[in-house]
Structures are given as C-alpha cells and as structure tokens.
Amino acid sequence: MTEQLVVHGLEWTEKLHFVYPNEFIYWSIQIVMYPYMTGLVAGAFVLSSLYHVFGQKDLKDIAKFSLVFSLALLPVAMMPLQFHLQQPIRGIHVMMTPHFTSAIAAFGIVFSTYAIIVLTEIWFVYRQYFVEQTLALKGVKGAGFRRLIYNILTLGAYDLSEEAIAADKKGVKIFAAIGIPVACFLHGYAGFIFGSVKANALWMSPLMPVIFIMSAVVSGIALCMLTYIIIMEGKKLAASLKKGKSDESVKVIAGVEMDVIKKTSRYLIGFLIAAITLELLDMIFRGYTQMKSWDILREVMWEEDFTKIFIMQYGLGNLLPFLLLMIGKPGIKRTGIALALILFGVFMMRWNVVIGGQAFSLSFHGFMHYHMPIIPHNLETYKEGLFGALTVGATPFILFYIINKFVPSLKTSN
Amino acid sequence: MSVSRRDLLKKTLVGSAAAALPLDAFKFLSPEQAKAALAESPHRWGFLVDTTKCVGCGFCVKACKKENDVPYDEPITRTWVERYVITNDGEALVDSPHGGRDGFTEKKVMEHDVDPESIAKAFFVPKLCNQCKSPACVQVCPVGATYQTPDGVVLIDRSWCIGCGYCVMACPYGVRFFHPVHKVAEKCTFCYHRISKGLKTACVDNCSFGARQLCDLKDHNDPYTKVIMTQRVAVLKDEYGTKPQVFYIGLDKEVR
Numbered sequence: 001m002t003e004q005l006v007v008h009g010l011e012w013t014e015k016l017h018f019v020y021p022n023e024f025i026y027w028s029i030q031i032v033m034y035p036y037m038t039g040l041v042a043g044a045f046v047l048s049s050l051y052h053v054f055g056q057k058d059l060k061d062i063a064k065f066s067l068v069f070s071l072a073l074l075p076v077a078m079m080p081l082q083f084h085l086q087q088p089i090r091g092i093h094v095m096m097t098p099h100f101t102s103a104i105a106a107f108g109i110v111f112s113t114y115a116i117i118v119l120t121e122i123w124f125v126y127r128q129y130f131v132e133q134t135l136a137l138k139g140v141k142g143a144g145f146r147r148l149i150y151n152i153l154t155l156g157a158y159d160l161s162e163e164a165i166a167a168d169k170k171g172v173k174i175f176a177a178i179g180i181p182v183a184c185f186l187h188g189y190a191g192f193i194f195g196s197v198k199a200n201a202l203w204m205s206p207l208m209p210v211i212f213i214m215s216a217v218v219s220g221i222a223l224c225m226l227t228y229i230i231i232m233e234g235k236k237l238a239a240s241l242k243k244g245k246s247d248e249s250v251k252v253i254a255g256v257e258m259d260v261i262k263k264t265s266r267y268l269i270g271f272l273i274a275a276i277t278l279e280l281l282d283m284i285f286r287g288y289t290q291m292k293s294w295d296i297l298r299e300v301m302w303e304e305d306f307t308k309i310f311i312m313q314y315g316l317g318n319l320l321p322f323l324l325l326m327i328g329k330p331g332i333k334r335t336g337i338a339l340a341l342i343l344f345g346v347f348m349m350r351w352n353v354v355i356g357g358q359a360f361s362l363s364f365h366g367f368m369h370y371h372m373p374i375i376p377h378n379l380e381t382y383k384e385g386l387f388g389a390l391t392v393g394a395t396p397f398i399l400f401y402i403i404n405k406f407v408p409s410l411k412t413s414n
Numbered sequence: 001m002s003v004s005r006r007d008l009l010k011k012t013l014v015g016s017a018a019a020a021l022p023l024d025a026f027k028f029l030s031p032e033q034a035k036a037a038l039a040e041s042p043h044r045w046g047f048l049v050d051t052t053k054c055v056g057c058g059f060c061v062k063a064c065k066k067e068n069d070v071p072y073d074e075p076i077t078r079t080w081v082e083r084y085v086i087t088n089d090g091e092a093l094v095d096s097p098h099g100g101r102d103g104f105t106e107k108k109v110m111e112h113d114v115d116p117e118s119i120a121k122a123f124f125v126p127k128l129c130n131q132c133k134s135p136a137c138v139q140v141c142p143v144g145a146t147y148q149t150p151d152g153v154v155l156i157d158r159s160w161c162i163g164c165g166y167c168v169m170a171c172p173y174g175v176r177f178f179h180p181v182h183k184v185a186e187k188c189t190f191c192y193h194r195i196s197k198g199l200k201t202a203c204v205d206n207c208s209f210g211a212r213q214l215c216d217l218k219d220h221n222d223p224y225t226k227v228i229m230t231q232r233v234a235v236l237k238d239e240y241g242t243k244p245q246v247f248y249i250g251l252d253k254e255v256r
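If you read the sequences in order, they're chains B and S.
Numbers 1 to 414, taken from the numbering used here, label the letters of the first sequence in order.
Numbers 1 to 256, taken from the numbering used here, label the letters of the second sequence in order.
Don't read these hints as lab results, they were simulated from the structure.
Please note that the accuracy of each hint is not assured.
Straight-line Cα separation of at most 20 Å, PhoX-like style, residue types lysine-lysine; simulated pairs [said to hold, decoys possible]: (1) 198(B) <-> 237(S); (2) 60(B) <-> 170(B); (3) 245(B) <-> 235(B); (4) 183(S) <-> 198(B).
Modelling step: build the complete structure from the supplied sequences, incorporating the hints.
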C-alpha cells in the first residue's frame with residue numbers, strides 16, 4: 001500500500017483570493033498551545049515568588065500550591081512543540097546542535113535552567129517535610145515504597161537543626177528571586193519568537209515579548225486561582241457531606257478560600273490592566289502609523305477575525321471578567337466565572353496572534369482561514385487538532401495529581 | 001574511597017555533560033575539506049527574470065517539479081508563475097492556479113469575469129527562491145539545518161531538519177513548504193545539483209522565451225550579470241533587508 005501524501009496544512013487551510021501557492025496555516029493549534037502553556041508556567045511561578053521573595057504574606061497559602069503547580073505545568077510547555085514537529089524524534093537536535101542566531105535555539109537552555117530552578121526551590125521548600133516523612137514512616141507496614149521515595153527526595157540531607165532550616169528558607173528566597181527573571185525570560189522569549197519574524201506584519205513588534213509576559217502572568221494567576229477554588233470547593237463539599245453543612249470546619253474552609261481568592265484577585269487585576277494596555281497600544285500604533293501592511297491587517301481585524309478579536313478576546317475575555325471582578329463584592333462563583341473567562345481571553349489572544357498572523361497572505365492580496373480538525377482521521381489531524389490540544393491541556397492536571405501525592409501543596413497554614 | 005556529596009554532584013554533572021555530547025562533535029576535517037569550507041567561492045549565483053518576456057506557459061513549473069521530485073499534483077511547488085490583471089480603475093486581480101503549472105488557459109481571474117475592455121495592463125511574474133544575501137530562513141533555523149553555500153545558494157539538510165516550520169514563517173516570499181514525502185522544509189535550490197556541474201537550472205533550460213536566466217554575479221562578463229549591472233532592475237520586498245539575489249525587469253507596484 002502506498003502511503004497517501006499529506007501536504008502539511010492543506011487539510012485545515014481555506015484560501016480566499018490570491019495566496020502564494022506554498023502558503024498554508026503551518027503553525028496551528030499546537031503553536032497556540034505552546035505560548036499558552038509556557039505562559040501558565042511562568043505566571044504560576046511568578047505568583048509563588050510574590051510571596052517567597054517580596055514577602056506578600058497574603059499569598060502564603062496559594063504560593064506553595066502555585067509553585068508545585070508550575071512544576072506540573074513545566075513538562076507540558078514542551079509537549080505542543082513535540083506534537084507540532086514534522087520530525088519529532090529529531091527534536092533533541094535543538095539541544096545538541098543549537099544554532100544560536102535562532103530564537104528557538106535558546107529554548108533548550110532557557111527551559112532547562114528554569115526547570116532546575118523550580119526543582120531546586122521546591123526541594124528547599126519541602127526538604128524538612130521529606131525528612132519528617134522519612135522518619136515518621138520508619139517501620140510503618142506497607143509504607144516501604146513511600147518511605148523510599150521520601151528518602152531519595154531528601155538527597156541525604158537529614159539535618160533538621162535550626163541553622164539548616166534557616167538555610168533552607170534562604171535557599172527558597174534565592175531561587176525564587178533568580179526564578180522571576182528566568183520565568184519572565186522563558187515566556188518573554190516565546191514572545192520574541194513571534195515578535196522577531198520580520199516577514200509577518202502582525203507579529204513583528206518589539207512589544208510582543210512584554211505583551212506575552214503580562215498576559216502570561218494573568219493566565220498563570222487565573223489558573224492557579226481557579227484550580228484552588230475547585231479544590232477548596234471539593235474539600236468543602238467533602239466536609240459538609242461528612243459533618244453536615246453547618247459544621248465549623250466547612251465555615252473555616254470557606255473563610256480561608258474567600259480570603260485567599262480576594263487577596264490574589266488584586267494582583268490579577270493589576271496584571272490584567274497592564275496586559276490590555278500594552279495590547280491596545282500595539283494596535284493603536286499600527287492603526288496610527290498605517291504602514292504598508294495596515295490595509296490587510298485592518299481587514300483581518302475588522303472583517304475576517306472581528307468576532308475572534310473584539311468579541312471573544314477583548315469582550316468576553318477581558319472586559320466582562322474585569323467588570324465581574326471590579327463591580328460590587330464578587331463571591332466565589334462570580335470570581336470563578338471571571339477566572340474562566342480570563343483564561344479563555346488569554347487563550348484567544350494566543351489564537352489571534354498565532355492563527356491571526358497567518359490569516360493574511362504575504363502577498364497582501366488574500367486571506368487564509370483555519371479550520372481546526374475536530375475528529376482525527378490520521379496522526380496529523382490528531383496531533384494538530386482538537387484532541388491533540390486537549391491532551392496537552394489535560395496533562396498538567398494529571399501530573400499535579402501525582403506530584404501532589406508526594407509533595408502536598410494544599411495544606412493551609414491555619 | 002570516600003566521596004563527599006558535593007564531589008558526587010560535581011562529577012555527576014560533568015559526567016552527564018560529557019555523555020550528552022554527540023560523537024559528531026568530534027569529527028575531523030581533512031585539510032581539503034577544511035580549505036573548501038573556508039575558501040571563498042569564485043561564483044555567486046544570481047537570477048534574472050524578465051517579466052516582459054514571460055507568457056505564462058508554465059513549462060518552468062512543470063520542469064522544476066519533475067527535475068526536483070516535487071509531487072506533481074500536490075499544491076506545493078518550488079517555483080511558480082503569477083498572473084496579474086490590473087483593471088482601469090486600479091483593481092489588481094492575481095492568480096496562480098496550480099502554481100501556473102498548466103499555463104493560464106482560463107479567462108477568469110480569481111473567479112472574476114474580466115471584460116477585456118476594462119483591462120489596463122496584464123502580465124506574468126515568475127517566482128522562485130531569492131537566494132538572499134542575508135537569508136531570514138537561515139537565521140531562524142534552530143538546528144542549522146538550512147545553510148548558505150559559499151556560492152550563495154541556500155540549501156536544506158534533509159537529514160537534520162526537525163520540521164518546526166520557523167523558516168517557512170520567516171521567509172517573506174513564501175517560497176518554503178514541507179515536502180510531503182520527506183517531511184522536512186523544502187524550497188528552490190537553483191537546481192544546485194545542476195549548476196554546480198556547469199548546467200543551467202531546469203526552469204531556465206525549459207523557458208523558451210528567455211524570461212528566466214541564471215547568472216554568476218561575480219563574473220562581470222556573464223551577459224545576464226551585465227544586464228543586472230547596467231540596466232534598471234528591481235528586487236522583491238527589499239524592505240525586509242534580506243538582500244534578495246533574484247533581479248526583475250518590469251516589476252509593478254502590485255507585485256509583492
């Protein structure tokens with residue numbers, strides 16, 4: 001049987017007017033997922049660092065959680081790229097023979113540096129816990145494997161003296177501090193990958209990395225908050241089923257939850273304003289300067305992609321959640337809805353940048369539309385379709401579940 | 001032997017770094033190879049397209065597809081021909097069905113019926129890789145799989161390309177695509193396998209009208225280099241700073 005020839009991009013690209021023969025939507029859903037996932041990693045880490053470095057005490061409870069969650073998100077930042085590569089087995093070449101004039105070549109180095117920092121920081125945060133568990137599980141029947149894991153995780157550092165604990169805390173602070181610029185770099189540079197493509201009129205902008213960082217922090221914080229709400233609601237439900245709705249423990253959980261969410265919301269709104277301001281600045285600047293590409297960009301923005309940009313991204317994803325968070329006293333439900341909308345808004349922003357950037361022909365004479373494959377019928381339509389994206393989106397939660405078994409991050413301070 | 005934890009960690013780090021080095025890193029070049037890699041080439045390949053001579057027959061596209069094993073019926077091509085029809089009120093209609101492979105036998109342009117009376121001007125423009133002096137595609141390749149030869153042609157190493165598509169995005173001229181068989185980036189090479197043996201490119205050989213000409217820009221006696229030197233020629237999209245080396249006679253502002 002001869003293999004059917006697959007022209008990459010042909011399946012999901014619809015061309016309108018004149019488009020160069022070789023132009024297709026080459027960067028599809030997985031390249032939307034890539035900056036989205038790295039953004040979540042970076043944002044979650046920055047949130048945890050606000051507590052560890054700047055001593056924002058109101059973030060104490062969510063800081064541990066977001067740190068561990070950023071670890072769970074970390075491997076997932078790489079997944080979409082592997083899914084997208086035409087030669088996935090050669091992906092390792094980026095590490096082995098990096099060509100340093102390319103923005104992508106730094107990925108391996110930045111990514112590994114960041115991974116080491118996150119792992120080190122988590123180790124410092126949890127070393128005491130690891131040692132305590134190793135000691136507590138000694139001789140406990142059936143806990144042999146668990147104890148072995150904790151024993152390995154201590155890396156042989158069993159010292160629980162006051163000086164040693166103080167050294168741990170210092171370690172956390174140092175790595176959280178180094179981590180902030182590295183996290184921003186990791187993501188800002190994802191913005192640079194797009195912003196430096198001079199051939200693409202929509203991407204080419206020095207603001208792109210900064211816009212990416214701001215929206216990354218927004219999405220990271222929003223995801224941490226939303227996951228936190230879901231977990232706490234689950235706990236509340238479990239407690240009320242066990243002990244009845246009016247039990248004291250249910251009220252305590254609800255109180256802690258509301259407190260954490262209220263405090264974190266403030267940071268979220270701050271970063272959201274910064275992100276929107278920069279995005280609008282970029283758009284206004286393009287409209288005002290009216291370079292050669294403006295005619296086609298305007299058509300993409302106002303006609304072809306109007307719904308995606310102005311209704312879904314700015315309207316539903318930015319304005320509506322902003323109002324939901326600002327007007328009156330938002331409760332848990334309203335905050336939850338606002339958070340989900342913000343995550344959707346940032347996703348749409350990534351979509352509009354990645355897919356929107358390919359929505360017009362380099363000839364400026366035509367347009368391309370992307371039809372995401374839904375039901376996969378071959379490997380390509382799985383990898384670069386809805387199910388591939390869902391695989392990437394679901395992985396961090398599975399990883400978090402496993403990691404959290406050994407590194408509990410949801411215990412509150414009171 | 002006692003090993004401190006610090007030593008163990010240090011040695012592990014060094015050991016894993018050493019193990020991570022591929023054997024390729026230790027390849028030795030013979031003196032001839034080293035000389036060839038450093039020496040400046042006596043050639044710099046360029047191209048001259050005289051759009052006033054192109055009739056849109058599409059033989060160049062056909063020849064290219066066959067010469068370079070580009071799947072004949074798939075909608076990707078290393079070279080193509082665009083048809084421009086500019087109407088009296090300034091509207092530009094452009095098309096390139098099958099990359100112009102089968103010529104332009106259809107009167108409709110982009111599904112528009114065009115009244116011959118309303119046409120102000122119409123012409124054909126052949127396109128191919130510009131073999132830029134500062135190629136954006138080479139700059140962005142994360143693994144160095146696409147590179148520039150000393151005689152100025154940009155090539156792709158099919159055994160090393162990871163298929164990320166960054167070069168496809170970086171090229172302002174849209175000449176790159178993924179080869180459906182090899183699953184790596186693909187583009188016009190000026191028929192490097194031919195020109196390095198003293199032959200002409202397949203498209204030049206098959207153009208009966210002399211609209212396409214290969215030239216050696218370092219050879220000032222080359223008749224087509226002379227044309228580029230002495231006549232008014234233009235390049236496509238010079239605003240991107242890529243310094244394209246395909247020169248055109250008879251370009252129009254609508255051609256991008």
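Here is what the structure says about each hint:
Between the alpha carbons of residue 198(B) and residue 237(S) the distance comes to roughly 12 Å, so the proposed pair stays at or under 20 Å and holds. Taken as a hint, the residue 60(B) and residue 170(B) pair is honoured in the structure, with Cα atoms around 16 Å apart against an allowance of 20 Å. As the CA atoms of residue 245(B) and residue 235(B) are separated by approximately 12 Å, the hinted pair is consistent with the 20 Å bound. Only pairs whose Cα atoms come within 20 Å are accepted, and residue 183(S) paired with residue 198(B) is rejected, the gap being roughly 25 Å.
Comparing the model with each numbered hint stated earlier shows that hint 4 is the single one that does not hold.
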